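Novice: Let chain A serve as the given structure and place chain B on it in line with the hints.
Protein chains: 2
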Amino acid sequence: MTTKKAVSKKNKKQSDHAPKITAHDLAKGQREISVSEFFTKNRHLLGFDNPRKALLTTIKEGMDNSLDACEEAKILPDIKINIEQVNNAEGRFRVTIEDNGPGILKSQMPRIFGKLLYGSKFHRLKMSRGQQGIGISAAGMYGQLTTGKPVLITSKISPKKPAHHYSLVIDTQRNEPKIIKDVEVKWDTKHGTKVVIELEAKYQKGRQSVDDYIEQTAIANPHADIIYINPEGEKIRYSKTSKELPVEPKEIKPHPYGIELGILIKMLHDTKAKKLQSFLMKDFSRVSAKVAKEICKKANLYEKARPTRIAAQEADALYKAIKLTKIMNPPTDCISPIGDELIIHGLKKQINADFFVSNTRAPTVYRGNPFLVEVGLAYGGDLPEEGLIRLLRFANRVPLQYQQSACVITESVINTTWRNYGLQQSSGALPTGPVILMVHLASVWVPFTSESKESIAPYPEIEKEIKLALQECGRHLSKFIKRKKKAAEEIKKKSYIKKYIPHIGIALKEILNLNDKQERKIVNTLTDILERSRS
Amino acid sequence: MTTKKAVSKKNKKQSDHAPKITAHDLAKGQREISVSEFFTKNRHLLGFDNPRKALLTTIKEGMDNSLDACEEAKILPDIKINIEQVNNAEGRFRVTIEDNGPGILKSQMPRIFGKLLYGSKFHRLKMSRGQQGIGISAAGMYGQLTTGKPVLITSKISPKKPAHHYSLVIDTQRNEPKIIKDVEVKWDTKHGTKVVIELEAKYQKGRQSVDDYIEQTAIANPHADIIYINPEGEKIRYSKTSKELPVEPKEIKPHPYGIELGILIKMLHDTKAKKLQSFLMKDFSRVSAKVAKEICKKANLYEKARPTRIAAQEADALYKAIKLTKIMNPPTDCISPIGDELIIHGLKKQINADFFVSNTRAPTVYRGNPFLVEVGLAYGGDLPEEGLIRLLRFANRVPLQYQQSACVITESVINTTWRNYGLQQSSGALPTGPVILMVHLASVWVPFTSESKESIAPYPEIEKEIKLALQECGRHLSKFIKRKKKAAEEIKKKSYIKKYIPHIGIALKEILNLNDKQERKIVNTLTDILERSRS
Numbered sequence: 020m021t022t023k024k025a026v027s028k029k030n031k032k033q034s035d036h037a038p039k040i041t042a043h044d045l046a047k048g049q050r051e052i053s054v055s056e057f058f059t060k061n062r063h064l065l066g067f068d069n070p071r072k073a074l075l076t077t078i079k080e081g082m083d084n085s086l087d088a089c090e091e092a093k094i095l096p097d098i099k100i101n102i103e104q105v106n107n108a109e110g111r112f113r114v115t116i117e118d119n120g121p122g123i124l125k126s127q128m129p130r131i132f133g134k135l136l137y138g139s140k141f142h143r144l145k146m147s148r149g150q151q152g153i154g155i156s157a158a159g160m161y162g163q164l165t166t167g168k169p170v171l172i173t174s175k176i177s178p179k180k181p182a183h184h185y186s187l188v189i190d191t192q193r194n195e196p197k198i199i200k201d202v203e204v205k206w207d208t209k210h211g212t213k214v215v216i217e218l219e220a221k222y223q224k225g226r227q228s229v230d231d232y233i234e235q236t237a238i239a240n241p242h243a244d245i246i247y248i249n250p251e252g253e254k255i256r257y258s259k260t261s262k263e264l265p266v267e268p269k270e271i272k273p274h275p276y277g278i279e280l281g282i283l284i285k286m287l288h289d290t291k292a293k294k295l296q297s298f299l300m301k302d303f304s305r306v307s308a309k310v311a312k313e314i315c316k317k318a319n320l321y322e323k324a325r326p327t328r329i330a331a332q333e334a335d336a337l338y339k340a341i342k343l344t345k346i347m348n349p350p351t352d353c354i355s356p357i358g359d360e361l362i363i364h365g366l367k368k369q370i371n372a373d374f375f376v377s378n379t380r381a382p383t384v385y386r387g388n389p390f391l392v393e394v395g396l397a398y399g400g401d402l403p404e405e406g407l408i409r410l411l412r413f414a415n416r417v418p419l420q421y422q423q424s425a426c427v428i429t430e431s432v433i434n435t436t437w438r439n440y441g442l443q444q445s446s447g448a449l450p451t452g453p454v455i456l457m458v459h460l461a462s463v464w465v466p467f468t469s470e471s472k473e474s475i476a477p478y479p480e481i482e483k484e485i486k487l488a489l490q491e492c493g494r495h496l497s498k499f500i501k502r503k504k505k506a507a508e509e510i511k512k513k514s515y516i517k518k519y520i521p522h523i524g525i526a527l528k529e530i531l532n533l534n535d536k537q538e539r540k541i542v543n544t545l546t547d548i549l550e551r552s553r554s
Numbered sequence: 020m021t022t023k024k025a026v027s028k029k030n031k032k033q034s035d036h037a038p039k040i041t042a043h044d045l046a047k048g049q050r051e052i053s054v055s056e057f058f059t060k061n062r063h064l065l066g067f068d069n070p071r072k073a074l075l076t077t078i079k080e081g082m083d084n085s086l087d088a089c090e091e092a093k094i095l096p097d098i099k100i101n102i103e104q105v106n107n108a109e110g111r112f113r114v115t116i117e118d119n120g121p122g123i124l125k126s127q128m129p130r131i132f133g134k135l136l137y138g139s140k141f142h143r144l145k146m147s148r149g150q151q152g153i154g155i156s157a158a159g160m161y162g163q164l165t166t167g168k169p170v171l172i173t174s175k176i177s178p179k180k181p182a183h184h185y186s187l188v189i190d191t192q193r194n195e196p197k198i199i200k201d202v203e204v205k206w207d208t209k210h211g212t213k214v215v216i217e218l219e220a221k222y223q224k225g226r227q228s229v230d231d232y233i234e235q236t237a238i239a240n241p242h243a244d245i246i247y248i249n250p251e252g253e254k255i256r257y258s259k260t261s262k263e264l265p266v267e268p269k270e271i272k273p274h275p276y277g278i279e280l281g282i283l284i285k286m287l288h289d290t291k292a293k294k295l296q297s298f299l300m301k302d303f304s305r306v307s308a309k310v311a312k313e314i315c316k317k318a319n320l321y322e323k324a325r326p327t328r329i330a331a332q333e334a335d336a337l338y339k340a341i342k343l344t345k346i347m348n349p350p351t352d353c354i355s356p357i358g359d360e361l362i363i364h365g366l367k368k369q370i371n372a373d374f375f376v377s378n379t380r381a382p383t384v385y386r387g388n389p390f391l392v393e394v395g396l397a398y399g400g401d402l403p404e405e406g407l408i409r410l411l412r413f414a415n416r417v418p419l420q421y422q423q424s425a426c427v428i429t430e431s432v433i434n435t436t437w438r439n440y441g442l443q444q445s446s447g448a449l450p451t452g453p454v455i456l457m458v459h460l461a462s463v464w465v466p467f468t469s470e471s472k473e474s475i476a477p478y479p480e481i482e483k484e485i486k487l488a489l490q491e492c493g494r495h496l497s498k499f500i501k502r503k504k505k506a507a508e509e510i511k512k513k514s515y516i517k518k519y520i521p522h523i524g525i526a527l528k529e530i531l532n533l534n535d536k537q538e539r540k541i542v543n544t545l546t547d548i549l550e551r552s553r554s
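Protein chains in written order, with the numbering used here: chain A, 20 to 554; chain B, 20 to 554.
Next comes chain A alone, as it looks inside the complex:
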């Protein structure tokens, strides 16, 4: 009781004065947190939860960058990945990722690899693997955190110029690169980039492994040549199955329906357009002169008003007017599907199955962002009869390995009634059977549930498209399974009848008093009729 009293007494005292521990005391601790410090402490948010996952994430970020760079420069990607165990150091690996891409300017190299939240992909609306400007620098930062070693980068932008080499670490307190070595080097290649990261890691085969990841990347990127040397020194090569680059996705302007009020206010403020009407036409996609006029009218705003002078109140009216105006869906050439044919090629190359089918949906829109869904399915053959089907998830051609149960793709597969298509399925579970199912979401902005980009958030528009694509493949699968069953029954019937034909021959021979030749003829004719009738 004494303590209680003491406290209340103190409280009373406090209410007459400033508190004993004042705002001044608390202010002393306040300071800025750099984004590198933040993600060092929260490295699990970026996919560096544990040594095994850290290895996968590092490979993934490196390959994403290589593939993106090659495609942007219209080069068919040749990528080499090498994972070596560091001598005498249990649990330490050296990862090398090398590409034949366009290379990186010397001036850009330090910040691309040594600064978090730096890149070219965040601010535009165009499909690419990277979107955050965090990945590869985070991998370097993790390496530095666990081994103290810098990231080594070599890049060459033209056969006529020498390559440039940097060795750098991140100054996490400032989130800026600190250069340790900066030299010109000879590198016998036309152009490309090579990154070496040493990190604490664990190599283990099986599901969610680096091996798995690289194989799946090859399926979704048939235009890439991938050479992979694992820590056991085995060399695995995935050759191109296509010599065509994917259609280049175009960068688009935001669609008015996807915009939030705060962003609209910012755009009004930042625009170079002099008039409201031209602002709407130039800074957004799908706004014609007519549509722009209609929006202004509905907002009760003068179409020649200066955008920078639109007050908050008026921006709100404009925002509401946009929602009330019919505007065409955004253009969809900002995304580039793998395509039915190449999906099947990709699957066929890695999997020996009896039946393949794929379906690419037309692009559509969620929250103003264009996206499309593709599905590929392989059935039978070497695939195991027992157990759940194997689901391969992809986002912008990148395989997703973790957090399967939190992903809209998994949810959509579970919520499809596979019994209608000839597969067994318990409620709330994936179907069972000899099936590999591949689902690809391509979008200018994939709504990942975390920075580690492991699963996709459940937007209803996305779930709907996935289900439609699955159902289409399901119908084809169902026909194949039915045909296969029917064929199996035919063979069974045929073998029954075939067994009796010689007996019929003998019976007829006795009844009609035929010779051996005539008997043989009858048997042959009957067999022939059977073959023709049933096949």
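Derived by calculation from the structure, the hints in this document are not laboratory data.
All of these numbers come straight from a predicted model, not from anything done at the bench.
Treat the hints with caution; some may be incorrect.
Which copy is meant is left open, because identical chains are indistinguishable; a pair holds if it fits in one copy or across any two.
Said to hold, decoys possible - Derived pair list, reagent style DMTMM-like, types lysine to aspartate or glutamate, alpha-carbon separation capped at 25 Å:
hint	residue 1	residue 2
1	345	547
2	197	51
3	312	401
4	140	56
5	224	195
6	368	401
Specialist: What follows is chain B alone, placed relative to chain A:
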């Protein structure tokens, strides 16, 4: 085929020259991404997925800050929360959170509310609700994004000084506050802070609601007085049940076992200590002179070496030596439990049940971070007999509302065999029965699975502690349930015997030829014996 040929030809050409689209072209798009831009585009990572959750997250971030500030200044918190629907605006709400805390210095106000990754809690090892320096600015940023309205902050640091008012927005491109209004105001309070945020939101009762959240906060913070006015104008008050402030957690130095090599290198570089031995003793917790010497010896390093001159190679040896040296567990006064008694007080206040039990474990360590687990359980009474038990999860006294299935607390409850303790349970599910179960994890660094702080990552050390606490409560519950069952059986037996006593009386009367008085006496005596023997 023509296209394919064309591409290969082009490829060949490319290999002699720099690619057509060069590194120079790609470099043009490269730029810095501010952390505000990043989280605006990824607002779901911070808990602003949808309007209902946005309302909860805003309240939560505001209350976290208020409670933390009061406790640091040793003030019993009085908090007022008001949610109003904005006139004539469907789906827009004005949230006000007011406290009697120490207030905030004028110079600090803009950045605390208008800059992401700014705060006093990230860089220290001490239990608090906030840890990232993102929350309240993110809430303001979401308000600004969805309504275009600034955040309004009023703060007063002493009864002798006027209050200061700021109205501000975040310049997302620079991640810096932009001040719109900056005035002194009269505020009739001794000291405290008031924040007003207008945002697009949805108010809905039930599970995961703001109402639920505030009620649970009251349970875990019995020393706080909370007044809550909901959008329907109802005023709900949760009074203090304790007049004692929680024991103040102490700030600690990092423990050598929890440190990563990269951090060790950075600490060696940044330290003010002149000698390796004193560096180990001063910059870490639990390193005595003897232990420091032992580490140096094992690392083959001179104990008087200058820390800033330790090379990477030597740091590695130091790192390994630390792992090989026996060091005491970190001190645990950096965390402050709610305590058995107050947990039960808190539960009793909100819930009418027959049985209450709680268990507070001794502090222990994961990855160098001290933590402790507390469990409270209420059984029977008004709680529903049917259905799964209700699980309340808390981290540093903050209720967790979303992502229940991804949380180590849920996992631990599911993996406990509740049948041993008298409850029904299907495999892989929560038990069923009239139970509310509260689990609290308190730590200097809670390993959340995302920035929105909704669930805790499954560290084995944490799971183990939770299970031990649950088992302890389970044993008490089991005794209570057995006693209750036994008591019910006794009552049943007693009522059987009671029924026969008058008949015995009649029989004895006849056999022994007794009068009515004697008969009554026998019946009373027998009844009395029964009462005494069974109760």
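Novice: Under a CA distance limit of 25 Å, which applies to residue 140 and residue 56: within one copy, between copies, both, or neither?
Specialist: both (23 Å within a copy, 13 Å between copies)
Novice: Regarding residue 197 and residue 51, is the shortest C-alpha distance of 25 Å or less found within a copy, between copies, in both, or in neither?
Specialist: The answer is both: 20 Å in one copy and 17 Å across copies each meet 25 Å.
Novice: Regarding residue 312 and residue 401, is the shortest C-alpha distance of 25 Å or less found within a copy, between copies, in both, or in neither?
Specialist: neither (61 Å within a copy, 62 Å between copies)
Novice: When Cα atoms must be at most 25 Å apart, do residue 368 and residue 401 count as within-copy, between-copy, both, or neither?
Specialist: Answer is within: at 13 Å inside a copy they meet the 25 Å cutoff, but 63 Å across does not.
Novice: Pop the pair residue 224 and residue 195 into one bin, within, between, both or neither, using alpha-carbon distances up to 25 Å.
Specialist: Result: close neither inside a copy nor across copies, 36 Å intra and 46 Å inter.
Novice: Within, between, both or neither: how does the pair residue 345, residue 547 come out at a Cα-Cα threshold of 25 Å?
Specialist: neither (67 Å within a copy, 86 Å between copies)
In the structure shown, a violation is registered for the earlier hints numbered 1, 3, 5, in ascending order.
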